[in-house]
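*Asks:* Line by line, the protein sequences are chains F and R.
Under the numbering used here, think of the first position of the first sequence as 1, with each following residue one higher.
Under the numbering used here, think of the first position of the second sequence as 1, with each following residue one higher.
Treat the hints as calculated values from the structure; they're not laboratory data.
Heads up, a few of these hints could be off.
Since copy identity is lost for identical chains, a pair holds within one copy or between any two.
[Stated by the list, open to error] DSS-like cross-link-like pairs, simulated, lysine-lysine; straight-line CA separation at most 25 Å: (1) K122 with K9; (2) K178 with K52; (3) K51 with K9; (4) K178 with K122; (5) K9 with K54; (6) K134 with K171; (7) K113 with K88.
2 protein chains.
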Amino acid sequence: MRLPDSFQKLADLLTELPSIGPRQAIRLVFHLIREGQNSVQTLSQRIADLKKIKICERCFFVHQNAGALCDICGNPSRHQDIIAVVEKETDLLSLENTGRYNGRYFILGEIPKSGILEDWQKLRLQGLKNFIEKNLVSNSEPRTSNGIAEEIILGFNLTSVGDFNASLLEKELKPFAKKISRLGRGLPTGGEIEFADDETLGSALERRD
Amino acid sequence: MRLPDSFQKLADLLTELPSIGPRQAIRLVFHLIREGQNSVQTLSQRIADLKKIKICERCFFVHQNAGALCDICGNPSRHQDIIAVVEKETDLLSLENTGRYNGRYFILGEIPKSGILEDWQKLRLQGLKNFIEKNLVSNSEPRTSNGIAEEIILGFNLTSVGDFNASLLEKELKPFAKKISRLGRGLPTGGEIEFADDETLGSALERRD
């Protein structure tokens, strides 16, 4: 069954979006048509409005500020020398929503399965190193000639892939931070001992407090 | 964490779409931003292009033809007097994709849980009745003064809700068709007897061939 041209082209485009399959794409287009011309116009405009979004030149998060920095990087009350490196913007959001972190972030982008960074990721990482060297002054003695971060948190998933990526990044970033850390392993809140895997339970035992 | 205005507004709008939750909406917006301005512009334009889509005045399916009828209703080789009433456009697509049907369709829209049709649905149904009375001529004797359809297929789900809706529609449409039918019940292709429910298996037994 051939669908109208405008219909099919939009459905194809929607199918390219993450976690939208061909059937859902078709359902979505029918939904939009049913909603009517005003809704269609509004959605089209809201998507076009994304062009107003800027990317922070320091951490690569989104913002709409007059300057080049996002709300977090531009906030003078946040520690610039404690940096959480994350893969995805949504990882930043999750960490930020805990309300327990007062450093800043650095979005590296999803690391390819090969473990080899894309060229744009290498550029981002080089930018981070340059920033640390030029802008962060170590308070510890003996003063190094170059700047150094207080702490770099490798905010990667605690999966085998995340562990692998963290070990790669740790090597890269070791010279640029006094301390390199990862997120703590243990039982999740509400977690039951009976159903925890050995690895998690072992970590919870070691890190008991 | 406050997201930029343009970001949040689009995420809110996407959340209103069927089967897109707030988290997926946010992931989608980040994805669009990462894809860059050209992709954003293309998607915005493709959505705006939906305004070119028309709704068939006879069956209410989508089309982009010069006239008022969709490809199916406008096809002279399809039986106009065999009409499959379906709730959703996607139900039409599924039936059409079987390649085994040469009648036409009528999209009623999703019937509310109350079983009481919305005003616009009543209008559609009245339009169907008018069309049958004015345009379909019965070949059977004695000729009725009004037209009558050869067959109306109630293409509803074989669920208890679908059964209920079918019984309502059957009452409404009985005077307008020589035969009112529903989709056949039985084992699905590839279905195993061991795992079929009693109702399905009973129907399969009764309708054995």
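*Asks:* The structure should be examined with respect to each hint, and the outcome stated for every one.
*Replies:* Hint-by-hint comparison with the structure:
1. K122 with K9: Neither, since 35 Å and 32 Å both go past 25 Å.
2. K178 with K52: neither (38 Å within a copy, 60 Å between copies)
3. K51 with K9: both (22 Å within a copy, 13 Å between copies)
4. K178 with K122: Within one copy only: 22 Å inside a chain, 72 Å across chains, cut-off 25 Å.
5. K9 with K54: between (28 Å within a copy, 15 Å between copies)
6. K134 with K171: within (20 Å within a copy, 81 Å between copies)
7. K113 with K88: within (15 Å within a copy, 41 Å between copies)
Hints 1, 2, counting from the list given before, are not met by this structure.
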